[in-house]
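Letter by letter, the chains look like this.
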Amino acid sequence: MTMTTKDGAGTPGEPQPDEPRAGRLGAYWAGVTAVVGMEMRQRMRSRGWYVMLAIWFVIIALVTWLTWWSWSSQSSFQAGGPDGNHAGPGSLIFEIVMAFVLLFGLLVAPAFSANAVNGDRAAGTLAIMQVTLLRPGQILWGKFLASWIAGLAFLVVSTPFLLFGILQGGLGAGHILVALLMLAIELGVVCALGVGISALANRPLFSIVVTYLVVAALSVGTLIAFGLGAMVSHGTVMANQTFYKGGYSAITPEDLGPDGQAARPTPPAGITDQNADYACYGPLREYQSVRTDRVAWILAMNPFVVVADSIPYSPRPGSDYSPTGAFETISQGARVAQAGPAATYPCADGKVTPAYLTPKTPLWPLGLGLQLLLAGGVLALGWRALRTPAGKLPKGTRVA
Amino acid sequence: MRKRGRAPARQGEVLELMESEVFNGLAAVGVSRSFGDVHAVVSMDLQAPAGEVTALIGPNGAGKTTLLLMLASLLAPDAGTVRIMGIDPSRNPAAARAKIGWMPDTLGVWEALTAREILSAMGRFYQLPKAAIPARVIELLALVNLSDLADQKARVLSRGQQQRLSLARALIHDPQVLLLDEPASGLDPGSRVALRQILRGLAAAGKAVVVSSHVLAELDEIADRAVFVNAGRTVLAQTVQQAATQGRRYSISALDAQVLEAALARLGVPFRAGTGRRESVSVEVGGETQASALLCDLMVEGVEVCSFAPASGALEETYMSMDVEQR
Chain B
1 MTMTTKDGAG
11 TPGEPQPDEP
21 RAGRLGAYWA
31 GVTAVVGMEM
41 RQRMRSRGWY
51 VMLAIWFVII
61 ALVTWLTWWS
71 WSSQSSFQAG
81 GPDGNHAGPG
91 SLIFEIVMAF
101 VLLFGLLVAP
111 AFSANAVNGD
121 RAAGTLAIMQ
131 VTLLRPGQIL
141 WGKFLASWIA
151 GLAFLVVSTP
161 FLLFGILQGG
171 LGAGHILVAL
181 LMLAIELGVV
191 CALGVGISAL
201 ANRPLFSIVV
211 TYLVVAALSV
221 GTLIAFGLGA
231 MVSHGTVMAN
241 QTFYKGGYSA
251 ITPEDLGPDG
261 QAARPTPPAG
271 ITDQNADYAC
281 YGPLREYQSV
291 RTDRVAWILA
301 MNPFVVVADS
311 IPYSPRPGSD
321 YSPTGAFETI
331 SQGARVAQAG
341 PAATYPCADG
351 KVTPAYLTPK
361 TPLWPLGLGL
371 QLLLAGGVLA
381 LGWRALRTPA
391 GKLPKGTRVA
Chain S
1 MRKRGRAPAR
11 QGEVLELMES
21 EVFNGLAAVG
31 VSRSFGDVHA
41 VVSMDLQAPA
51 GEVTALIGPN
61 GAGKTTLLLM
71 LASLLAPDAG
81 TVRIMGIDPS
91 RNPAAARAKI
101 GWMPDTLGVW
111 EALTAREILS
121 AMGRFYQLPK
131 AAIPARVIEL
141 LALVNLSDLA
151 DQKARVLSRG
161 QQQRLSLARA
171 LIHDPQVLLL
181 DEPASGLDPG
191 SRVALRQILR
201 GLAAAGKAVV
211 VSSHVLAELD
221 EIADRAVFVN
231 AGRTVLAQTV
241 QQAATQGRRY
251 SISALDAQVL
261 EAALARLGVP
271 FRAGTGRRES
281 VSVEVGGETQ
291 ASALLCDLMV
301 EGVEVCSFAP
311 ASGALEETYM
321 SMDVEQR
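Line by line, the protein sequences are chains B and S.
Using my numbering, the first residue of the first sequence is number 1, and each one after it goes up by one.
Using my numbering, the first residue of the second sequence is number 1, and each one after it goes up by one.
Some clues are possibly wrong.
[As the list claims (entries may be wrong)] Listed below are several chain S residues computed to face chain B (Cβ distance under 7 Å; list not exhaustive):
(1) 86
(2) 92
(3) 95
(4) 97
(5) 102
(6) 110
(7) 112
(8) 114
(9) 116
(10) 302
(11) 306
(12) 307
(13) 308
(14) 312
[Unchecked claim] Over 12 Å on every C-beta distance to chain S, these chain B residues come out as not near it, computed from the model:
(15) 30
(16) 31
(17) 35
(18) 43
(19) 127
(20) 134
(21) 329
(22) 388
(23) 390
Derived by calculation from the structure, the hints in this document are not laboratory data.
All C-beta atoms in this analysis are idealised placements derived from N, C-alpha and C, irrespective of residue type, glycine included.
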């Protein structure tokens, strides 16, 4: 070992801001990228990550193949061949693959985000970062971005299958871009939750479990809460009588009149509104109804609802158009809940309700907003826990 | 008893310190910190002037690490003040941190990264100019003798090598104040000598160096002064010079032990049998002058003295004479 402590030419005396051109924001960002770079380097070197990616790839491939296989066997059974007037399986494969990607993403994201901070604390490396010029926000942002990027790798691995779904037909590029973007954002929300919780909790195992519980609360708990909430949120709706006109196909020969005309039931008087199927008539009265619109915000927080609702669907012509795809069905269901009885109860306010709700006020911005609020709140609490010099410490915490 | 006796003097030092606005180095006055019911640090004073190595000595659980965490700006003290080159780390952590290099007792290495990558990342965390980082990293790797292992993952480094890497990490931004928590533990003798040289070199370059350690014999050579702590309190602060001149035990052995014992009895020097492997006696001596006088007397008495040396290091002597209680 040689003695070279005397300040040499290259020795930096005082730490200076990175570059003169970089402003305060630039310097802040430089710190964040330094943390991201370091985190990514470590993640890229862990074998577990690649194993997880490989398992992921295989599972998604399996799901895609099974979907395609079941569709093709079904369509050949029905139409005697994959031609005919069937829409391609594109929408089906794409949606199922996407649902799985979201599901697995929600399952995997906590695993590589929820030990980001307290794992470092356990290894004794967190304090070493805290004692540098890094600010707590830079550490937190860096760790969040690194775990998000790691999560996006899973999305990238699954793109071949999403592309396969697209190539099978029927979907626009915008459709797919929106879906991928929303999947990425949902992964980001879970990663933010995980990193924030890991800054708050002492032990990695605990924070990972808590993050899983939060994810479960978002994807399953919201459904239960919505259901229970709807049961207790009774309300009334003003509506009048409904008169179903009946379809010609349902008319039996007995109903035919002597002149061969269908003896159609005579419409009642005082029709306020009508469409091909039914008419509304009579005075408005109060009816008991479930006010789902009051608890729809709970449903909106569901990641599946957010993704499904954000995808733009173009309703095909025809008043009786009903949604075809799985995601579109979810979206419609959520919007029905959001609209509440005022829009969905037959003849509410004396008006005919449309079978298909056109996206006037989409639900997903509310849901995503609530999710971001939650994730942001947890991150803010995590930021508080990372501030140094540390004042109060949670019990059992060792700084280093 | 000792503490009460010394209290006025310390009070005087404290006042002096508060008066001089900027103390060149590191100063902690009346610092305390508790975790729940545990009073880790009750009231500690520490001054580490620039250009000197200050040893922080105390039994396990005395509060050394907690004090260092407060000095390193990671923990906020409940009471008392910390000044790093006149900067209050609670008020202006960024300015204080630019001047602090901290080496924790837990190694805390990023195992998947190489030594070079770790040091480069630290350089970026300290906002060093990007262009200067690679050269600085090479310089530090050479300093701690890890140049050959620069591109090995930290995982494969031995404990002592990781310790050296940790030291290099603390030095990356050329800090004015160095806080080293047990830097010598796990080091082989060669590395200890090298560490000693590095620390003396840093002190010579005008840095304030604080070292906590148990290896007391080592500290005699490294430290200029020592602060003894026990049960969360500063018990004593002395320079090594003072420690060396205080009364201490000397171990003497002669070719004929009986002749030696007879001579000591004639001279009226109380002695007792030594604790070492060799047949020796140990005597209490007032200081170095008295020691050399005793050696002369023994020569005059015709004792064939073959070894005459302090029984223990100067700081160890002080440490052992304190009533340390371990927690």
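Here is how each hint holds up against the structure:
1. 86: violated (15 Å)
2. 92: violated (11 Å)
3. 95: It is violated, given that the least Cβ distance between residue 95 of chain S and chain B is near 10 Å, above 7 Å.
4. 97: Where the cut-off is 7 Å and the nearest Cβ of chain B is about 6 Å from residue 97 of chain S, the hint holds.
5. 102: Holds - the Cβ of residue 102 of chain S comes within 7 Å of chain B, reaching about 5 Å at its closest.
6. 110: Hint on residue 110 of chain S: holds, closest Cβ of chain B at ~6 Å, below 7 Å.
7. 112: holds (4 Å)
8. 114: Interface hint status for residue 114 of chain S: violated (10 Å vs cutoff 7 Å).
9. 116: At about 12 Å, which exceeds the 7 Å cut-off, the nearest Cβ of chain B leaves the hint on residue 116 of chain S violated.
10. 302: violated (47 Å)
11. 306: violated (35 Å)
12. 307: violated (32 Å)
13. 308: violated (33 Å)
14. 312: violated (28 Å)
15. 30: The assertion about residue 30 of chain B is violated, with a minimum of 7 Å to chain S.
16. 31: violated (7 Å)
17. 35: violated (8 Å)
18. 43: Its Cβ does come within 12 Å of chain S, the nearest being 8 Å, so this is violated.
19. 127: violated (6 Å)
20. 134: For residue 134 of chain B, whose nearest Cβ neighbour in chain S is about 5 Å away, the distance does not exceed 12 Å, so it is violated.
21. 329: holds (45 Å)
22. 388: With a cut-off of 12 Å, residue 388 of chain B comes too close to chain S, as the shortest Cβ separation is near 5 Å.
23. 390: violated (6 Å)
Checked against the numbered hints listed earlier, the structure breaks hints 1, 2, 3, 8, 9, 10, 11, 12, 13, 14, 15, 16, 17, 18, 19, 20, 22 and 23; every other hint is satisfied.
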